[in-house]
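Participant: Next come the chains, spelled out residue by residue.
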Amino acid sequence: MPTQLFIPGGVNQVRMFLILFCLTLALQLIRNFGDQFNFFKTSPAKIYGDSPAVLGLFRIPRISSGSFILAGVVLFLSLLAAALGVIPRVSVAVALVCYFFYFSPIISISYVNRKTNLIPIALMILLFSPSIARPLSEPTPEWPLVLIKICIVQMYLSAGIQKLRRCGLKWTDGTFLRDYFLNHYLWGDMSAAMRLAQNLTLCRVLSILVLAFELTFWIILFVPALAYVYVVSGILFHLGTWFTMRINYMKYLMPVYTVFIADVACRWLVNR
Amino acid sequence: MTFPILFAVVIVGIQLFITISGKDAWPFSSYNMFSAPLDLTEFGVFRVALERQDGEIVWWRSHFYRYPEQVGKRIRGLRQLENDTPKTRMVVALETRKLLIEVARLIQQEEGGLESYQAFHIIERKPGIDRNNEIIIDDKTVARIPFLDLTSQFGEPNS
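In order, the protein sequence lines correspond to chains A and B.
Count the first sequence with my numbering and you get residues 1 to 272, in order.
Count the second sequence with my numbering and you get residues 1001 to 1159, in order.
Certain hints may be false.
Calculated cross-link-like contacts (lysine-lysine; reagent style BS3-like; alpha-carbon spacing at most 25 Å) [said to hold, decoys possible]:
1) A:46 <-> A:115
2) B:1023 <-> A:115
3) B:1023 <-> A:41
4) B:1098 <-> B:1073
5) A:170 <-> B:1140
6) A:115 <-> A:149
7) B:1098 <-> A:46
8) B:1073 <-> A:115
9) B:1023 <-> A:170
10) B:1098 <-> A:41
11) B:1023 <-> B:1098
12) B:1140 <-> A:41
13) B:1126 <-> B:1140
14) A:149 <-> B:1073
Since the hints were made in silico from the structure, they are not lab data.
Next comes chain A alone, as it looks inside the complex (with noise of 0.2 Å):
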């Protein structure tokens, strides 16, 4: 672990990675406030049923189609003014807030279901992050950014767990993968799925590479140097799932990723 961890160092990357975070969520509210509405108003709830209370406690009333508009504008607007530095502490709590009320009645929506579920940690992270405030060249501690790394790694690395506890060192005989594939291609028409269904050596070097890519994403955190190395892989499965199975998890996890380039970005920008 490096020693800027709690102890002030380089260069001030929590704030560069508020400001990349801020900007591209924004940027993806904008480009699916319009879809997003649509699904609103379809009252999925009447499907799927209620939406999940936070933390299993809470539960999110639901609100009209006013509110929606509202939320989302509010989220917008305070992430807006997060990455500009218009108080930033207050933005990130308003958004942090206003993404439980905007994202609860449409987290049935394919892309969001799960996809976005870094968002909220990582705002809270920010939150109590002691830099947020101060400027690019600052040092500053780095803690905050390893948790959000941290964070990262429990996605892949409790997905590979739960498929181990669950199916063994089985689930990489192709098999598993193969139904799934077949699964998408019966009720959603994906040909994709169903080309790489029809070939089980496929989806058994297709099962071990997830299965490697997920228990061993944690060495970023020890090895940054192959950071690049991950993230590239990660692009790349994020990219296959959605060509094969329509699902979409770029979206949202886009803006976390941008963690992983907050260092560079900022000594670029300090150095200009």
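Since chain A is already given, all that's left is putting chain B on it; use the hints.
Facilitator: For chain B alone, kept in the frame of chain A given last:
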């Protein structure tokens, strides 16, 4: 320095608990997708299809493409419940009907009306392997529900 350490311990502790327990507590998740084995041979996938006025049968597709999957999962759940008792048969029929009324509502919202269709088909899709070791799909209509049977509860299409 105490606060950052305590804060980090809480966040990592929650993540660890979620990972070990395999449970979800939104926004924390164990990301257990793709981990359970699927048994597609015993119970296949159920899909809703629509019968046009000219008799052609087409799949129900939604812009929000997970809707057909979710409806199919619920139909599958109902079919797995089904046994020979009249009471269960009645519950399954009523729940299926309720679900199809919601599907009709979604189609009406997305397409603006239901006039071009006359009936729902519930189709069970089962995969199998042929002589050349290729995957083949067997589609079987397990129920046909005319729209007229539903509109009395759903209301008239907004044409």
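Participant: So, for every hint listed, does it hold in this structure?
Facilitator: Comparing the hints with the structure gives:
1. For the hint linking residue 46 of chain A to residue 115 of chain A, the alpha-carbon distance of about 22 Å falls within 25 Å, and the restraint holds.
2. A C-alpha spacing of about 16 Å is found between residue 1023 of chain B and residue 115 of chain A, which places the hinted pair at or below 25 Å, so the restraint holds.
3. About 30 Å separates the Cα atoms of residue 1023 of chain B and residue 41 of chain A, which puts this hinted pair outside 25 Å; it is violated.
4. The suggested pairing of residue 1098 of chain B with residue 1073 of chain B holds, with an alpha-carbon distance near 14 Å, which does not exceed 25 Å.
5. For the hint linking residue 170 of chain A to residue 1140 of chain B, the alpha-carbon distance of about 32 Å lies beyond 25 Å, and the restraint is violated.
6. Straight-line distance between C-alpha atoms of residue 115 of chain A and residue 149 of chain A comes to about 16 Å, which keeps the hinted pair within the 25 Å bound.
7. For the hint linking residue 1098 of chain B to residue 46 of chain A, the alpha-carbon distance of about 10 Å falls within 25 Å, and the restraint holds.
8. Using a Cα cut-off of 25 Å, the hinted pair residue 1073 of chain B and residue 115 of chain A holds, with the two alpha carbons roughly 21 Å apart.
9. The straight-line distance between the Cα atoms of residue 1023 of chain B and residue 170 of chain A is roughly 22 Å, inside the 25 Å bound, and the hint therefore holds.
10. Taken as a hint, the residue 1098 of chain B and residue 41 of chain A pair is honoured in the structure, with Cα atoms around 19 Å apart against an allowance of 25 Å.
11. Restraint check: the Cα-Cα separation between residue 1023 of chain B and residue 1098 of chain B comes to about 30 Å, which exceeds 25 Å; the hinted pair is violated.
12. For the given pair, residue 1140 of chain B sits about 33 Å from residue 41 of chain A by alpha-carbon distance, which is inconsistent with the 25 Å threshold.
13. Of the supplied pair hints, the one linking residue 1126 of chain B and residue 1140 of chain B holds, its CA atoms being roughly 8 Å apart against a limit of 25 Å.
14. Of the pairs offered as hints, the one joining residue 149 of chain A and residue 1073 of chain B is violated, with about 35 Å between alpha carbons and a cut-off of 25 Å exceeded.
Checked against the numbered hints listed earlier, the structure breaks hints 3, 5, 11, 12 and 14; every other hint is satisfied.
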